[in-house]
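Make one complex out of these two single chains by using the hints.
Going down the list, the protein sequences come from chains A and B.
According to numbering that gives the first Met the number 0, numbering within the first sequence proceeds without interruption in unit steps and concludes at 334.
According to numbering that gives the first Met the number 0, numbering within the second sequence proceeds without interruption in unit steps and concludes at 295.
Keep in mind the hints are simulated off the structure, nothing from the lab.
Here the structure is a predicted model, which is why all the values come from computation and not from measurement.
Where is the CB? At the ideal position from N, CA and C, for every residue including glycine.
One or more of the hints may lead you astray.
Unchecked claim - Covered stretches of chain A (chain B as the covering partner; in silico rule of three or more C-beta atoms under 8 Å from a C-beta of chain B): (1) 41-49; (2) 52-62; (3) 87-94; (4) 119-130; (5) 300-314.
Chain by chain, the residues:
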Amino acid sequence: MSGMTFTMLDAAKMSTAEIYGRTLCELGEAHPDIVGLSADLAKSTKIGMFGERFPERFFNVGIAEQNMFGMAAGLAKAGLTPYVSTFAVFTSMRALEQVHTDICYQNLNVKMIATHAGLSFGQAGTTHHCTEDIAIMRAMANMTVVVPADGIETAHAVRAAYARKGPVYIRINRGFDQVVYEHPDYGFELGKAVTMSEGTDLTIIACGATVWRAIEAAKVLDKVDGLKVRVLNMHTVKPLDAEAIEKAVRETRRIITVEDHTVIGGLGSAVAEVAAGTGKSFSFKRLGVPDCFSIIGLHEDLLAHYGIDENGIAAAAREMMGKDFEPDESWDDEV
Amino acid sequence: MPLSTEERRRLEEKAHELRSLSVDTVVWAGSGHIGGAMSAMDILTILYHKYLRIDPRDPEMPGRDRFILSKGHIGVGYAPVLADLGYFDRELLKEYNHTGSPLGMHLDAKKVPGVEVSTGSLGHGLAIGLGLALGARLRGESFKTYVLLGDGECDEGSVWEAAMAASHFKVTNLVTIVDRNRCMIDGPTEEVMALEPFADKWRAFGFETITCDGHDFDALANALDRALAATDRPVVIIADTVKGCGIDFIAGDYRWHYGGFDAEKTAKAKESLARYREARLAGGAVGAAGAKGASK
Ligand SMILES: Cc1ncc(C[n+]2csc(CCOP(=O)(O)OP(=O)(O)O)c2C)c(N)n1
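Isolated chain B (complex conformation) (with noise of 0.2 Å):
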């Protein structure tokens, strides 16, 4: 169904919030993956306010949705997301990093509630989710999971293996989202090891594949609502997106992979983001063309 304009209003000043949380986490944390953590955020902010089946006040709520980030390395993304529902205490964001601490880069599902899987180590994701959505199909429950993976992630060998038992076990109660930010640690995708064509490949593993703009709400929605309605094989969400979306000085540069932000940087970040904000309410800089925010 598509997005009211409430709805999508809802979202955007959601998203807009949880990027600015994560730039103050960053601060808190001394360093974190700040460029893949943008990136990422429309995705996570649609999933976990109108997709997920979950209770934040139950994280081990029988038959809820599974989530698992198999990009592991955006913790400074994701514990906004789960600290803003509730998840854990907000004020635990302050101490990530720290000695001690429940939150480090990668979150640890024995530390954090709402985290499923302790992922972080690369190209892991994807099978255990297969696994949880045939265990779901044996044992007749309704739940679905989400997978979201890094596009220089499907490097590994391992996501293959993963795509093509997925499709050999005609699994459709898994949906796979790969945020396709063209970006790495040592370069661009393409530079480092060329991922192109991408969809190609993922067809080829018998999967449908659908590719949308990873920072449009719309596009977002009807590309979920197309993979929850599969009927008979796994799809595969490609979504374009931009690594280090909202904040100008580091948009689209895969050098932003993880950093840290000095006071001034800070403020950058955090002007960009306004900008940004206002730029996507009204209706200009929605989707990954727009990632840089509108110019000062």
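Bound conformation, chain A alone (with noise of 0.2 Å):
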């Protein structure tokens, strides 16, 4: 990978959030624009890492986001390229107002990189879980909403956001995340879904957290159901891969989509209305956290708890394989 100074194996025993501070650092080398911005979470979010490396260009401002996201604002617009790290559930929610107007509105260069998404801060309990950040970042015109599904990954996302200019939202997990990619040249390219496996039963669309799991899903089908079952990673959840999805109705027809997310409004949602405009029959089904708040444990149980780990996808691929689907005969499918 372009400028990447660390080699797999040292990717494998970094968390993701150490990557995105390696990453960084690598980045405010080559670009002095650079600066950082984090609420008494540098250590947490690891953007201190950028802080150690690059003392006059990092701001913590104390425990005080909206103030960090105005600054940030106010730096971008004196032409400074802000990175700003602490929670998800604060980066979407503490200082919304400031992220919608101060940021989106005024479109301006900043880049979110939020961490301990989803439910990946399990143990701290419902009020650090953050389920919500998805739909809500995605419904700010201008911002662009990418969900890495590893470090690797991650890594070509924060990179990827500089080159992009705009708000950037990139929404990582707390810890380690299972390895997906055993090499970085996969070629990742922001609104462009990465085909993990190829298939034409079904069609499983995935961000983040959930994709190591569908894919884990689709192998179990092959072997134990014969099942050929297409797995989209869906790492950019705005601007959406439309196409992919289009492609996915039409050669597939049933769709599963699957997020360590609310399943209102996130990646599910977003694939729904693009699916739906298509004009096709197609069976689908979301699968995430119910409209509730979620119960406190560890990451890995709780996605089990929410049917959103491997065997909970691996189920709900059978049961929609085993309902009688077929395209309406009278549908005009040329449409």
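This is the structure in structure tokens:
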């Protein structure tokens, strides 16, 4: 991967946030316009690595997120490129109007790298779970929303965010992610889904922590049930890869979305909006946190609890295959 | 009223017991916010064992005093206080942080009896407390509302919005306490985001300020008595404390905001707490200056 100085072996030993911190340091070396901001979470989000390398370009504002996002807007207006890191729940909710009005409305070049997203801070309790941010952030005009599947993809996303003008929201997890990509050169491109496995029976569209689980589910479905499942890693939820979704609807007619997020307004909703516009008949199911405040526990356990781990995904796929689904004969499929 | 010798001793013993139970809870939970739990423990102890008019058998008792732990991250310190009073089964502490347990790092009002508000996101508590206090005044109820803030938490603008409103509305049935342990996550408060002159800030917002030693029960009792006697404006108690108080190898060290104890550290922590108890009972280590306990 261009500019990346650490090896895949290093990457496997680093938490996703550490990979982010490392990548930002490299970017900072090349681009003196990059500045960093955190709100007493420099250590936890790993933007502190950038702060140690470039102390004069780093601002720890204390526990004051609204001020931080306002400052980021000002810094961007002054010609700098702020990377801002706090937990996802505080990025998407505590300082939302600053993100909306000061950053997105003015289409400013602020990169929000939000950590501890989804259910990944499971033991912290419900006030620290963040299962609404994809819905919130994708509703903001001008915003790009990226949910990387693992550490390597996070590195790609953090770099791509720099190249893309305007606000970018990147949502990463606490701790280590399962490794999805053994090699960095899989052609990461913002707004382009990555096909993780080919298939024509059914398509699973995932993002973030659920990508690895979808791939595992697809393997089991192949081995045990003989199903050929297409898995799409929809790392960019906005702008969405509509083409990949339309193709999946046409070619597999069965779509399951899966995300570490509420089923309302996130990846599943975004996919449904595109799929519904195809004019084709298809079977559809969204997996995610149902409309509730989540329970407390380990990330892994919570994913299983809400049926968004490999078992839950496989079960949903079987159920969908079991449904007597046929494209409606009278449907004008060529529209 | 000054504390009697017997009352002081009772509080000292209780605080020791609760510090020790917090260490156990951190072990059961795997990790926790031990530093801020230890700095706040004497404040929690005197509130729950002397001042709050509550009934653990009836957590929703009408007219009860309200306590809001605005620095909600110290669940490993707060849960032992509630369990010990019988709000819930002590055994539950052993399942702290386990999947499906009602007890997570930040205590949840919907899951844990005795907890009034689900906090954890900093900067919310004072506004909610102010609303409760105004509500009590409006409805002619006599209960008091107590809010415990972290000092780092006071970076949040929302704290000062609430402070401005509390003095504007001349609220006197609200007791605001700041755990002034001078530490936050990324470093000492004065290095990360300077708060000083802290008391002046509160005064400028219309508060009467009382600065006291947060590890001295006589000082705390005196401060609380004065706060409860307020007649014309809100009062804030700035309690000078030490993060990790009583555990010598973490006391005063901001890096111990959050952490876990292996068997060796647990034993060391318990030994330190035992020495600290002795020293406090002997009157030697009372106060923030003695927070590391008597040396070995
Ligand atoms: C709004 C918000 N921002 C950030 C955090 C993460 N956080 C948890 S504890 C903490 C430091 C708190 O410092 P302080 O208020 O001084 O508490 P204490 O030192 O007494 O533990 C931070 C930044 C949070 N819980 N809420």
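We went through each hint and held it up to the structure:
1. 41-49: Satisfied; 4 residues make the cut.
2. 52-62: This one holds; 4 residues, not fewer than the three required, reach chain B with a Cβ under 8 Å.
3. 87-94: It holds, with 3 qualifying residues against the three required.
4. 119-130: holds (count 7)
5. 300-314: holds (count 3)
In summary, this structure violates none of the numbered hints.
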